[in-house]
Structure formats: structure tokens, C-alpha cells
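Visitor: So the chains spell out like this:
Protein chains: 2
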Amino acid sequence: MIGLGLWNAKDISVKALEIVRSCDFVYLETYTSRLGCDISEMEELYGKKIILANRELVEGDSDEILKKEKDVAFLIMGDVFAATTHVDLRKRAVLHGIKVVVLHNASVLTAVGETGLELYKFGKTTSIPFENENVLSPVDVLNMNRKNGLHTLFLLDLRPDEDRFMSVKEACEYLLKHTDDYMAVGCAGLGSDAPEIKYAKLSEMEGFSLIPQCLIIPGNLHFMEEESLAGFKK
Amino acid sequence: MIGLGLWNAKDISVKALEIVRSCDFVYLETYTSRLGCDISEMEELYGKKIILANRELVEGDSDEILKKEKDVAFLIMGDVFAATTHVDLRKRAVLHGIKVVVLHNASVLTAVGETGLELYKFGKTTSIPFENENVLSPVDVLNMNRKNGLHTLFLLDLRPDEDRFMSVKEACEYLLKHTDDYMAVGCAGLGSDAPEIKYAKLSEMEGFSLIPQCLIIPGNLHFMEEESLAGFKK
Chain P
1 MIGLGLWNAK
11 DISVKALEIV
21 RSCDFVYLET
31 YTSRLGCDIS
41 EMEELYGKKI
51 ILANRELVEG
61 DSDEILKKEK
71 DVAFLIMGDV
81 FAATTHVDLR
91 KRAVLHGIKV
101 VVLHNASVLT
111 AVGETGLELY
121 KFGKTTSIPF
131 ENENVLSPVD
141 VLNMNRKNGL
151 HTLFLLDLRP
161 DEDRFMSVKE
171 ACEYLLKHTD
181 DYMAVGCAGL
191 GSDAPEIKYA
201 KLSEMEGFSL
211 IPQCLIIPGN
221 LHFMEEESLA
231 GFKK
Chain H
1 MIGLGLWNAK
11 DISVKALEIV
21 RSCDFVYLET
31 YTSRLGCDIS
41 EMEELYGKKI
51 ILANRELVEG
61 DSDEILKKEK
71 DVAFLIMGDV
81 FAATTHVDLR
91 KRAVLHGIKV
101 VVLHNASVLT
111 AVGETGLELY
121 KFGKTTSIPF
131 ENENVLSPVD
141 VLNMNRKNGL
151 HTLFLLDLRP
161 DEDRFMSVKE
171 ACEYLLKHTD
181 DYMAVGCAGL
191 GSDAPEIKYA
201 KLSEMEGFSL
211 IPQCLIIPGN
221 LHFMEEESLA
231 GFKK
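In order, the protein sequence lines correspond to chains P and H. Everything in the first sequence is counted per my numbering, starting at 1 for the first residue and increasing by one. Everything in the second sequence is counted per my numbering, starting at 1 for the first residue and increasing by one.
Do not take every clue at face value.
[As the list claims (entries may be wrong)] Covered by chain P, according to a simulated footprint, are these stretches of chain H (three or more residues, beta-carbon under 8 Å): (1) 56-70; (2) 107-114.
[Claimed, not checked] Dumping the calculated BS3-like pairs for lysine-lysine here, alpha-carbon to alpha-carbon at most 25 Å: (3) H:K15 / H:K68; (4) H:K68 / P:K15; (5) P:K201 / P:K234; (6) H:K99 / P:K233; (7) H:K201 / P:K91; (8) H:K48 / P:K121; (9) H:K49 / P:K15; (10) P:K233 / H:K121; (11) P:K70 / P:K121; (12) P:K121 / H:K147; (13) H:K15 / P:K49; (14) H:K70 / H:K91; (15) P:K15 / P:K68; (16) P:K234 / H:K91; (17) P:K177 / P:K147; (18) H:K48 / H:K68; (19) H:K49 / P:K99; (20) P:K147 / H:K68; (21) H:K15 / P:K15; (22) H:K234 / P:K91; (23) P:K68 / P:K121; (24) P:K91 / H:K15; (25) P:K49 / P:K70; (26) H:K99 / H:K49; (27) H:K15 / H:K70; (28) H:K233 / P:K121; (29) H:K121 / P:K147; (30) H:K91 / P:K201; (31) H:K177 / H:K201; (32) P:K91 / P:K121; (33) P:K99 / H:K233; (34) H:K15 / P:K48; (35) H:K48 / H:K99; (36) H:K201 / H:K233; (37) H:K68 / H:K147; (38) H:K99 / H:K70; (39) P:K234 / H:K201.
Since the hints were made in silico from the structure, they are not lab data. Just so we're clear, the structure is a prediction, and the values are computed from it rather than from any experiment. The beta-carbon is built from N, C-alpha and C at its ideal position, and this holds for glycine as well.
Please model the entire structure based on the sequences and the hints provided.
Guide: Printed below as a string of C-alpha cells:
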């Protein structure tokens, strides 16, 4: 189980690349995230054909993956265990008597350190779903974190199978229905050569061109955090 | 500014390796973390001499780094911005008119997903210092997180210059002075080929042989989290 990091085919670690090249089958999960590069670039780097694995394959028909009596690389964007589905896949692999090796990589959860916000000061993470008419849990998480002075990281829903990715602006619009017009930090393209980080009011957050990744509403700010954020003001 | 990941020289990304090999100077910060490999392995892989950078150099005499009119790689164990000192270094570099490129990598903060605990359900992170006779802030963070049903990640103090690393057991002993004998998860060697994860009472947590990394006191557990942790019971 191999984390691919955030953006480029070459974000894979040297060690992981050696392992992928030695594997008999290479699966790439396609449903929890999206890299900034094309699969063809990955195939060229690995010298392997990549088999795409959507949620149905991994959670339903995973025998296809688990019953291969060969070395299988299962590639995951970001770090390996950010999503429950991958914890579950490992469990089933171990039940099948398969030896599982884990290779970690960068995750949005720590790449947001690039905003200058202290990673120690984030509270519970939450995510904003597409169908959110009656969803209040992200707002509850925000209020809990704010009460404790902590930053809140909102991950954005995505359906890569449908090429559908929630924009930072949509996330802001959802929040504005339920909260004040807070200052927030939007992030797109973290891990790319030109990450887009913007510090603006929820109502004024816009202008991203890369793959949207997350929105943050900061809690209490240390002056060094304020200084960093000031550099990302529009 | 390049994250090295958690353990091996080859945990560096393919892209970062290309960049390090093209740089004129290569610094490695030595004061916020420790890799599981020798510097000689890194030098061999990079084909470069590594200059060690302790806190005094980075926070005090950093002109040595910032006034080079050459390409400089600044290597950081884990991900790049887990520590304030590196946010500050970037700020000063930018003030010097230096173009800073960031290459993220794996961090303990998400590698703990390997325990099966959901990363979304961690509250504020804290760390336990060596001199902790009158320190209660880690306990306050624990109590706040527990009240909200969240997991608490404790990072362990280290002074690599003195080859001093807080053990998981020392962290447990500190907590036991102030809390109940909770079930906890100790982690060492995450990112290595044989990570050590143990789920035990604070009073019974022991038996690590690799570099200690963190201690977790879980909050409310989902049955899938419980199932995972059961696999790490002694």
C-alpha cells in the first residue's frame, strides 16, 4: 500500500518506485482523491500498466485484488490511511494471509502547514459533502474548534468517477448559510510547483485555477501565523 | 525546502532527489526529528556532502544559509512545516528575495493512520517535554479532546544533539501522574519496514526497540477502530 503524495508522478518516493517496478500488478485507487498528473506519466515512470480501482472494485469485488498470488502494488493518492476504505482493505488483506507493507507519503492534512498555520493547533478535521442541504456536522465541528481556539480544516467532497470536485467557493457558500463571514484560507494545488493559497473572507474567496483541496477557518492566531496569512491576502 | 519522510534515505521523493542532486549546497536540519538511517546513506544516494544544521545555525546564524547565491536544498525530516522554526526560515528566505520551493513528504501526524485510528477524529496535537514537573498543558489538551470524543496525539520531546529521545514509556509515566490508566497506543518506527504499534494501558506500555515517535490516547472508538487496535494488543 503505497502513498503517492500530492501532485506529480515523481512525488512517489525512491523506495516506493523500486517496489512498484518490482510488482506484478499495480492498482491505483481513483475515488478518494486526485493527483495533478496524468496516469500515462505514472505508467511511463513505473514501466507498468496501471489498473484503475474504483470504490466498487475495492469495497465490493476486492477478491480480484486480494486473490492474486503475486506481488500487488496498491497506490493511494496522498498518504495511505487518510480514508477508512484503505484501513478496511488492509484488514481484509491481512485476513487473506497477505503480507502488507505500507509506504507513507505527503498528505493535504500536513501540507496545509504551508499556510503558516501551526499544525498543532488544528482541531478535528471535517469534510463538506455535495448534498449538504440538511447537513450541519461541519458547522458543529467548526463551532467546537472555534470555542477551543483551534483551526478547522474542511476537506472538499469529490467524485472523480464523475469528474466532479467541490470548489473552494462552493464550500464557502455552504458555510455562509450557517456561519458568519469569517476570514478563511483556501488551498488548491498544494504539492504543485505553484500552490494557490488565499486568505480572504468566505464571501470573497475565489480565483483558484488548480485542483481545489481544502478550506481552513483559523481559530486564535499567533502573531507568526497572522504574519504568514497576511502574505496570502488578496 | 524538502521533506524527507520518516525513515529511510530512499523515502525522499523521486522529484526531490533530482532537485537535491542539482543543488550546490545541501543542509539537513538535525533538531526537530530523527530519521532511521545514517547520514552516509543519504550522502551516497544524493552524491552530495550534507551540512548539518542545528537550531543555532537555522535560527541564529542563518545568513550562512540565506546568503549563499547558489541553489540550496534544506532537508527536513517528516513533512516540511510541522515545526514553527521552518515556517520562520521560509519567511526569512522570502525576505531575502530567495525563491522557495516546497516538497512535501510523509509526517508522523498522518502516518499514525496505520494504527487504524481515523485521522479525522484527532483533536489538537500536543507534545510532552522532558522537563515536565510543572507542565500541565498536555493533560489539558487530553481532557479537552476526550470531552469531545477525540483522539489525542502526543509527540515526544527529543534533543538529537544530545542523542536524547523521550521514550514512549517516559511519556506514559508523565501522563500517569495526572490521569487515569487509560488504554493508549504507542508508536515507534513508523515508516520503517517493521513499525512497532502497541495498544496497552499506560502502565503496561513497553517493549519498543525502534526510535519512539508518539503516544496516542484514543477518544470514542468506532467499531472498526476497535477492531484495528485489537490487532495491536500485547
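Visitor: Taking the hints in turn, state whether each one holds.
Guide: Tested hints:
no.: 1; hint: 56-70; result: violated (count 0)
no.: 2; hint: 107-114; result: holds (count 6)
no.: 3; hint: H:K15 / H:K68; result: 23 Å, holds
no.: 4; hint: H:K68 / P:K15; result: 31 Å, violated
no.: 5; hint: P:K201 / P:K234; result: 10 Å, holds
no.: 6; hint: H:K99 / P:K233; result: 19 Å, holds
no.: 7; hint: H:K201 / P:K91; result: 23 Å, holds
no.: 8; hint: H:K48 / P:K121; result: 36 Å, violated
no.: 9; hint: H:K49 / P:K15; result: 21 Å, holds
no.: 10; hint: P:K233 / H:K121; result: 30 Å, violated
no.: 11; hint: P:K70 / P:K121; result: 43 Å, violated
no.: 12; hint: P:K121 / H:K147; result: 17 Å, holds
no.: 13; hint: H:K15 / P:K49; result: 21 Å, holds
no.: 14; hint: H:K70 / H:K91; result: 18 Å, holds
no.: 15; hint: P:K15 / P:K68; result: 23 Å, holds
no.: 16; hint: P:K234 / H:K91; result: 18 Å, holds
no.: 17; hint: P:K177 / P:K147; result: 19 Å, holds
no.: 18; hint: H:K48 / H:K68; result: 17 Å, holds
no.: 19; hint: H:K49 / P:K99; result: 37 Å, violated
no.: 20; hint: P:K147 / H:K68; result: 45 Å, violated
no.: 21; hint: H:K15 / P:K15; result: 13 Å, holds
no.: 22; hint: H:K234 / P:K91; result: 18 Å, holds
no.: 23; hint: P:K68 / P:K121; result: 43 Å, violated
no.: 24; hint: P:K91 / H:K15; result: 32 Å, violated
no.: 25; hint: P:K49 / P:K70; result: 15 Å, holds
no.: 26; hint: H:K99 / H:K49; result: 23 Å, holds
no.: 27; hint: H:K15 / H:K70; result: 19 Å, holds
no.: 28; hint: H:K233 / P:K121; result: 30 Å, violated
no.: 29; hint: H:K121 / P:K147; result: 17 Å, holds
no.: 30; hint: H:K91 / P:K201; result: 23 Å, holds
no.: 31; hint: H:K177 / H:K201; result: 14 Å, holds
no.: 32; hint: P:K91 / P:K121; result: 31 Å, violated
no.: 33; hint: P:K99 / H:K233; result: 19 Å, holds
no.: 34; hint: H:K15 / P:K48; result: 19 Å, holds
no.: 35; hint: H:K48 / H:K99; result: 22 Å, holds
no.: 36; hint: H:K201 / H:K233; result: 10 Å, holds
no.: 37; hint: H:K68 / H:K147; result: 50 Å, violated
no.: 38; hint: H:K99 / H:K70; result: 11 Å, holds
no.: 39; hint: P:K234 / H:K201; result: 50 Å, violated
When held up to the earlier numbered hints, the structure conflicts with 1, 4, 8, 10, 11, 19, 20, 23, 24, 28, 32, 37, 39 and fits the remainder.
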